[in-house]
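Based on these hints, arrange chain P on the given structure of chain E.
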Amino acid sequence: MVEDRRLGDIIAYVILSIGVLIVAFPVWLTFVASTWDAATIINGQLPLYPGPKLFENYYRILFVGTSGTTREPVLGMMLNSFIMAMAIAIGKIFISVLSAYAVVYYRFPFRMAAFWIIFVTLMLPVEVRIFPTFKVVSDLNMLDTYQGLAVPLIASATGTLLFRQFFMTIPDELLEASRIDGAGPFRFFKDTVIPLSMTTIAALFVIQFIYGWNQYLWPLLVTTKDSMQTIVIAIKKMIVTSDALTEWQLAMATAMLAMLPPVLVVILMQRLFVKGLVETEK
Amino acid sequence: MQKNAYFTGLTIPLLLLLPQLAITVVFFYWPASQAVWQSFLLQDAFGTSTEFVWFENYQMLFSDPGYLKAFINTAIFSTFVCVLSLSIALLFAVMADRAIRGAEIFKTLLIWPYAVAPAVAGVLWLFMFDPSLGMLARGLSDMGIAWNPRLNGNDAMLLVILAATWKQISYNFLFFLAGLQSIPKSVIEAAVIDGAKPWRRFWTIVFPLLSPTTFFLLVVNIVYVFFDTFGIIDTITGGGPSGATETLVYKVFSDGKGGSNLGGSAAQSVVLLVMVIGMTAVQFKFIERRVSY
Numbered sequence: 000m001v002e003d004r005r006l007g008d009i010i011a012y013v014i015l016s017i018g019v020l021i022v023a024f025p026v027w028l029t030f031v032a033s034t035w036d037a038a039t040i041i042n043g044q045l046p047l048y049p050g051p052k053l054f055e056n057y058y059r060i061l062f063v064g065t066s067g068t069t070r071e072p073v074l075g076m077m078l079n080s081f082i083m084a085m086a087i088a089i090g091k092i093f094i095s096v097l098s099a100y101a102v103v104y105y106r107f108p109f110r111m112a113a114f115w116i117i118f119v120t121l122m123l124p125v126e127v128r129i130f131p132t133f134k135v136v137s138d139l140n141m142l143d144t145y146q147g148l149a150v151p152l153i154a155s156a157t158g159t160l161l162f163r164q165f166f167m168t169i170p171d172e173l174l175e176a177s178r179i180d181g182a183g184p185f186r187f188f189k190d191t192v193i194p195l196s197m198t199t200i201a202a203l204f205v206i207q208f209i210y211g212w213n214q215y216l217w218p219l220l221v222t223t224k225d226s227m228q229t230i231v232i233a234i235k236k237m238i239v240t241s242d243a244l245t246e247w248q249l250a251m252a253t254a255m256l257a258m259l260p261p262v263l264v265v266i267l268m269q270r271l272f273v274k275g276l277v278e279t280e281k
Numbered sequence: 000m001q002k003n004a005y006f007t008g009l010t011i012p013l014l015l016l017l018p019q020l021a022i023t024v025v026f027f028y029w030p031a032s033q034a035v036w037q038s039f040l041l042q043d044a045f046g047t048s049t050e051f052v053w054f055e056n057y058q059m060l061f062s063d064p065g066y067l068k069a070f071i072n073t074a075i076f077s078t079f080v081c082v083l084s085l086s087i088a089l090l091f092a093v094m095a096d097r098a099i100r101g102a103e104i105f106k107t108l109l110i111w112p113y114a115v116a117p118a119v120a121g122v123l124w125l126f127m128f129d130p131s132l133g134m135l136a137r138g139l140s141d142m143g144i145a146w147n148p149r150l151n152g153n154d155a156m157l158l159v160i161l162a163a164t165w166k167q168i169s170y171n172f173l174f175f176l177a178g179l180q181s182i183p184k185s186v187i188e189a190a191v192i193d194g195a196k197p198w199r200r201f202w203t204i205v206f207p208l209l210s211p212t213t214f215f216l217l218v219v220n221i222v223y224v225f226f227d228t229f230g231i232i233d234t235i236t237g238g239g240p241s242g243a244t245e246t247l248v249y250k251v252f253s254d255g256k257g258g259s260n261l262g263g264s265a266a267q268s269v270v271l272l273v274m275v276i277g278m279t280a281v282q283f284k285f286i287e288r289r290v291s292y
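Chains as they are written, first to last, in numbering that gives the first Met the number 0: chain E, 0 to 281; chain P, 0 to 292.
Looking at chain E on its own, in the form it has when it is part of the complex:
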């Protein structure tokens, strides 16, 4: 461009650095707290640099657990969260890739009706129908199960819409060509549509994994056994109302561990993440 940019660039650096600080500071403080002992935190004497108890705290929370509030070690909760997130991501991709294929590549009566039945669920999260849904799950004896944690959360249209949109961009000639080769609907799906959709599938997977891992209200209601808790709901239970009983250093270590997997996914798969986010919302 034609004008002097130096001043503008300096302003940009300053503002972006402030932004990064604002974004990172709460997490840094959490990390610092997870490396000190309870007394330092309770007294309000927490410094801004890490302390000596990093390994002790993380070992205790991962393999032993808190003394009073959640009883179970966090490693098992992370496993629960992982299974739940994977089940939601894979389940949603499975049901929506099939239904989108039917809606796009078949003409049959009720096609539009089926599409609309699914579409209406687009923006209605489980929170608005929380207690009736809870009742259905409990009537089906799915409380304290992985199915109960995952299946109600995959009842939404985002994946179907995403695949529908992508399938519409696949040229018709590909279907005609594979027909000439004698391929039926199943082979066309397996040999052409799925390989072409791999990036879309991966992008949706990243978004749904994060969504599943971060669930809060639903697992809070559906799990009653300690052994079925997810890590996100455990943190709240660790912070009891009277400060003296809260083992803050362990709660903070748990918060770090709860953030780690989804944040790693975003950083390591940034391109897929951005693609998934931008495209599922359109």
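I should point out that these hints are in silico values taken from the structure, not numbers from a laboratory.
Even for Gly, the Cβ is constructed at its ideal location relative to N, Cα and C.
Some clues are possibly wrong.
As the list claims (entries may be wrong) - DSBU-like cross-link-like pairs, simulated, lysine-lysine; straight-line CA separation at most 35 Å:
| # | chain 1 | residue 1 | chain 2 | residue 2 |
| --- | --- | --- | --- | --- |
| 1 | P | Lys256 | P | Lys184 |
| 2 | E | Lys274 | P | Lys106 |
| 3 | E | Lys274 | E | Lys52 |
| 4 | E | Lys224 | E | Lys236 |
| 5 | P | Lys196 | E | Lys274 |
| 6 | P | Lys106 | P | Lys184 |
| 7 | E | Lys134 | E | Lys224 |
| 8 | P | Lys184 | P | Lys196 |
| 9 | E | Lys274 | E | Lys189 |
| 10 | P | Lys106 | E | Lys236 |
| 11 | E | Lys189 | E | Lys52 |
| 12 | P | Lys2 | E | Lys189 |
| 13 | P | Lys184 | E | Lys274 |
| 14 | P | Lys106 | E | Lys52 |
| 15 | P | Lys2 | P | Lys284 |
| 16 | P | Lys68 | P | Lys284 |
| 17 | E | Lys236 | P | Lys256 |
| 18 | P | Lys284 | E | Lys274 |
| 19 | E | Lys236 | P | Lys68 |
| 20 | P | Lys256 | E | Lys134 |
| 21 | P | Lys284 | P | Lys106 |
| 22 | P | Lys68 | E | Lys134 |
| 23 | E | Lys134 | E | Lys52 |
| 24 | P | Lys256 | P | Lys68 |
| 25 | P | Lys2 | E | Lys274 |
| 26 | P | Lys106 | P | Lys196 |
| 27 | P | Lys256 | E | Lys224 |
As the list claims (entries may be wrong) - Calculated Cβ distances over 10 Å to all of chain E for the following chain P residues:
| # | residue |
| --- | --- |
| 28 | Phe39 |
| 29 | Leu40 |
| 30 | Leu179 |
| 31 | Thr213 |
| 32 | Ala243 |
Structure of chain P alone, referenced to chain E:
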């Protein structure tokens, strides 16, 4: 909306649709219709008998000052979170859109809070601003500013707003950046040649061209504040002190918990349902219009 090359038949497409339709009917339509049905029923105090009462639950709801308060809380909460997170994100996006070195690194460093669970974000902010041990709360009291989100409703609301905004900036940032990068550079260069200064270029060219993104984000942010912030509120304040941070969704939960007021909770669910369907319709209309450009 329709392919020119397609398969025919009825059995196979129905089988393909079956998993999603079955899950949607069992876990969406059935519970949603239960909510509508329950909203017309009234249970007696012991839960032994229920009576069909038409709109009595709704009448009670709209004459309940607590519900009115939850409406006002939700309005205040969403206005502040939307305005703050959208304007801060736009500022960062405009800065990151400049061709400076390290722009990609800044982008990575700004987007990861998207992956933090709302409930965890709540805990992070609670820890900083807890009146007895929070580092920033101590800073405030050292400066002589009274601060106690456990007792003061305004403090509690402010804390919830800050946490919800912090969490949402990354999402808005990403969409604004994508929007900015799709504006043709030639348009901006033409304005530079015409002598328009950066500030003016932004308000007369960039901001209007971003308006589809802004509008889309506004709707998404409202839905976010309505529902996803449940975890933030529950971890920081639990709706308190005395209902000062109780939003519409939080009230559905706290009224229905323990089954004491299922009819009232269901009526609240239905009101929310109608509001979100309205927003979806607006969004959908908007998408249609954008496609037809």
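Okay, the hints, checked on the actual structure:
1. Straight-line distance between C-alpha atoms of Lys256 (chain P) and Lys184 (chain P) comes to about 55 Å, which puts the hinted pair past the 35 Å bound.
2. The suggested pairing of Lys274 (chain E) with Lys106 (chain P) holds, with an alpha-carbon distance near 14 Å, which does not exceed 35 Å.
3. As the CA atoms of Lys274 (chain E) and Lys52 (chain E) are separated by approximately 40 Å, the hinted pair breaks the 35 Å bound.
4. For the hint linking Lys224 (chain E) to Lys236 (chain E), the alpha-carbon distance of about 13 Å falls within 35 Å, and the restraint holds.
5. Distance restraint check for Lys196 (chain P) and Lys274 (chain E): the Cα-Cα separation of roughly 33 Å lies within the 35 Å cut-off, and the hinted pair is therefore satisfied.
6. Proposed proximity of Lys106 (chain P) and Lys184 (chain P) is supported: the alpha carbons are some 20 Å apart, at most 35 Å.
7. Straight-line distance between C-alpha atoms of Lys134 (chain E) and Lys224 (chain E) comes to about 17 Å, which keeps the hinted pair within the 35 Å bound.
8. Of the supplied pair hints, the one linking Lys184 (chain P) and Lys196 (chain P) holds, its CA atoms being roughly 15 Å apart against a limit of 35 Å.
9. For the hint pairing Lys274 (chain E) with Lys189 (chain E), the CA-to-CA distance comes to about 23 Å; that is within 35 Å, so the pair holds.
10. Between Lys106 (chain P) and Lys236 (chain E), the direct Cα distance comes to roughly 34 Å. Compliance with the 35 Å bound is thereby established for this hinted pair.
11. About 53 Å separates the Cα atoms of Lys189 (chain E) and Lys52 (chain E), which puts this hinted pair outside 35 Å; it is violated.
12. A hinted pair counts as satisfied when its Cα atoms are at most 35 Å apart, and Lys2 (chain P) with Lys189 (chain E) qualifies at roughly 19 Å.
13. Restraint check for Lys184 (chain P) and Lys274 (chain E): the C-alpha separation of about 22 Å stays at or below 35 Å, so the hint holds.
14. Annotation: proposed proximity of Lys106 (chain P) to Lys52 (chain E) holds, straight-line Cα distance about 32 Å (limit 35 Å).
15. Between Lys2 (chain P) and Lys284 (chain P) the CA atoms are separated by roughly 23 Å; this keeps the pair inside 35 Å, and the hint holds.
16. For the given pair, Lys68 (chain P) sits about 31 Å from Lys284 (chain P) by alpha-carbon distance, which is consistent with the 35 Å threshold.
17. Between Lys236 (chain E) and Lys256 (chain P) the alpha-carbon distance is near 17 Å, which keeps this suggested pair within the 35 Å criterion.
18. The hinted pair formed by Lys284 (chain P) and Lys274 (chain E) meets the criterion: a straight-line CA distance of about 23 Å does not exceed 35 Å.
19. Taking the CA atoms of Lys236 (chain E) and Lys68 (chain P), the gap is about 28 Å. The hint holds against a cut of 35 Å.
20. Distance restraint check for Lys256 (chain P) and Lys134 (chain E): the Cα-Cα separation of roughly 12 Å lies within the 35 Å cut-off, and the hinted pair is therefore satisfied.
21. At roughly 31 Å between alpha-carbon atoms, Lys284 (chain P) and Lys106 (chain P) fall within 35 Å of each other, so this suggested pair holds.
22. Note on Lys68 (chain P) and Lys134 (chain E): the hinted pairing holds, with a Cα-Cα distance of about 28 Å set against a maximum of 35 Å.
23. Note on Lys134 (chain E) and Lys52 (chain E): the hinted pairing is violated, with a Cα-Cα distance of about 44 Å set against a maximum of 35 Å.
24. Straight-line distance between C-alpha atoms of Lys256 (chain P) and Lys68 (chain P) comes to about 19 Å, which keeps the hinted pair within the 35 Å bound.
25. A distance of roughly 25 Å separates the Cα atoms of Lys2 (chain P) and Lys274 (chain E); the hinted pair therefore holds under the 35 Å criterion.
26. Taken as a hint, the Lys106 (chain P) and Lys196 (chain P) pair is honoured in the structure, with Cα atoms around 26 Å apart against an allowance of 35 Å.
27. Under the criterion of a C-alpha separation no larger than 35 Å, the hint pairing Lys256 (chain P) with Lys224 (chain E) is consistent with the structure, at around 18 Å.
28. Non-interface call for Phe39 (chain P) relative to chain E: holds, since the shortest CB-CB distance, roughly 14 Å, exceeds 10 Å.
29. Every beta carbon of chain E lies more than 10 Å from that of Leu40 (chain P), the smallest distance being close to 12 Å; the non-interface claim holds.
30. The non-interface label for Leu179 (chain P) is consistent with chain E: the shortest C-beta to C-beta separation is roughly 13 Å, beyond 10 Å.
31. For Thr213 (chain P), the condition that its CB be more than 10 Å from all CB atoms of chain E holds, with the nearest at approximately 14 Å.
32. Distance check for Ala243 (chain P) against chain E: the nearest CB is about 17 Å away, which clears 10 Å, and the non-interface claim stands.
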